[in-house]
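Model the full assembly from the supplied sequences, consistent with the hints where possible.
Just so you know, the protein sequences line up as chains A and B, in that order.
In my numbering, each number is its position in the first sequence, counted from 1, plus 23.
In my numbering, each number is its position in the second sequence, counted from 1, plus 1181.
No wet-lab data here; the hints were simulated from the structure.
Do not rely on the hints blindly, as some may be mistaken.
Unchecked claim - Computed beta-carbon distance windows for the label pairs:
| # | chain 1 | residue 1 | chain 2 | residue 2 | range |
| --- | --- | --- | --- | --- | --- |
| 1 | A | 167 | B | 1185 | 32 to 42 Å |
| 2 | B | 1431 | A | 181 | 52 to 62 Å |
| 3 | B | 1239 | A | 165 | 28 to 38 Å |
| 4 | A | 25 | B | 1248 | 24 to 34 Å |
| 5 | B | 1186 | A | 91 | 44 to 54 Å |
Ideal placement from N, C-alpha and C gives every residue a C-beta, glycine not left out.
Each chain, letter by letter, is given below.
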Amino acid sequence: MSVFTKSPWIIHYDASSCNGCDIEVLACLTPIFDVERLGVVNIGNPKHADIFLVTGAVNEQSQSVIRNIYNQMPEPKVVVAVGICAATGGIFRECYNISGGVDSVIPVDVHVPGCAARPEAIIDGVVQALGVLEKKHQDMAATTGNIDQTLYLRAEKDDAPGILALQKNAGQCEAKIYGDESLPALQQTLEELQSDFDRMVFIKAVVNSKLIGFARGYVREDNTCVNGVIVHPYFRRHGIGRRLLEEIEKAFPSAKRFEIFTGQKNERGLHLLGKLGYREFKTEPFTPAITWVHLQKERQ
Amino acid sequence: MSIWIRVILYLVAAPVVGCLLAGWDRRISARMQSRRGPPILQPLYDVQKLWQKQNIVVRRSQNFYILFFLLLVIFTGALFFAGSDLLLVIFALTLAAIFFVLGAYKASSPYSFIGAERELIQMMAYEPMILLTAIGMYIVTKSFQVQKIASHPTLLVLVLPGIFLGFLFTLEIKFRKSPFDLSCSHHAHQELVRGITTEFSGRTLAMIEIAHWYENVFLLGWVYLFFASSPLLGVAVSLLVFVFVILVDNVFARLKWQTALRSAWVVAAVLGFGNILILSLLH
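Dropping the structure here:
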């Protein structure tokens, strides 16, 4: 049993509950139930929390709050939906402003039944959540621990949704640097990406069947290969981007010249490309905040 | 015992003792509220877990400040247990706290901002009393060296009762306990989310926790200094003081910062300065 099951810190959010479940959540902290004996702390801060307890159905105003709290929690994290409203919307399901259970906004790991959920049931739900937390932690550890066993494979059209999710994730980090959301990585739709598969070669980096990076490229008429690389922010600085670039260069043995572009503030990326032999040959303004730096390299 | 043995002993033993103290703190608090309370090693489990969590930052540099906070707290305690100059110890302690505040400012969130501001106010509240404590000890022992103060034959608390009580008052602030847990409460759900530590997560939060373990041991070491001529009594009183701080934590509600600042200065003026005044009149 790892420490993750011994020290669950909880953040509790009331989506639009009638307060029945909320009172029962707080009852768990009282001397009768005393969840602190299990190491549980009801913490008011998403950045310190492991378990997200949500009570009540989700309405239009609480959606963004739930998403925000969920995104601010550090991995590994689990979500417990407490009570029947949090599961399906309950008796409020058909109200004009209710969009349903918590899983209509974020992935839920454990559902606690009841109206209102009994403290015993809530504690049981938290204990179940600990199992999920432990498993997520092991998955994370296995992925980061086996990074040297990364597989580099040709991606097929079926991989498009996963690739798009990764592209948006990485794109958001990039967009924060520039304060500009108009990056093509963020704007691309699933259909556009799928049609890219007809003309481009995609190579994916996979650890323990989890996609952590990909590269794509195609050859223009002048025997120039145009490519691009994206690596999951959590798995950068492990040599995956470099390996993906090498794989894509191998995939086009006939190409004489390689071309790639990136934003002017991507210092780490520019440094890596410089080390791989890419040299800047032109810059091109994209938006007021973003300037594309184009780099090229001749095949040796 | 040579200086180096004492310092190494402090570096190794302080986190262990600090962790156990933090565990007892939670257990005793729970018993005072007629709850069972977590296992004694719960703070260790918490830190181990935090060590493996993802570290989310607003700015990467905020973690750098916290690293220095931890190092300077350790340095402060090491100076103290090496028997060095008490004024230098206070200086290092202040510098450590400043790094903590800078880290919170760097995170630029309103909660950690107000937490940092309140931490500064708390520092303003306890600094005069801490300085008066060092001065009081100097007047009696004619030295700022911890080594010489500890080996002085008189029981310092008998000549410095006012300063001892004033020092107890500042301990409440330094331990971040009610009624002075303004900048960051150990208990959840205060008006500032988690105050000064709001924006720290994962490994950095664990470092803050470990720094508190070191700091608590150092502060109890200072309590011991008042009873240094009778070592057994000193250790017993240090532990009693710790229980007293927990009791006060559970009895009082949080004060406003104005009251905290004013009361701390009144205590420093009446108990601290008054004690020194009487001492100098008697001599």
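We went through each hint and held it up to the structure:
| no. | hint | in the structure |
| --- | --- | --- |
| 1 | A:167 / B:1185: 32 to 42 Å | holds, 39 Å |
| 2 | B:1431 / A:181: 52 to 62 Å | holds, 59 Å |
| 3 | B:1239 / A:165: 28 to 38 Å | holds, 29 Å |
| 4 | A:25 / B:1248: 24 to 34 Å | holds, 26 Å |
| 5 | B:1186 / A:91: 44 to 54 Å | holds, 52 Å |
Figure legend: structure checked against the earlier numbered hints; every hint is met.
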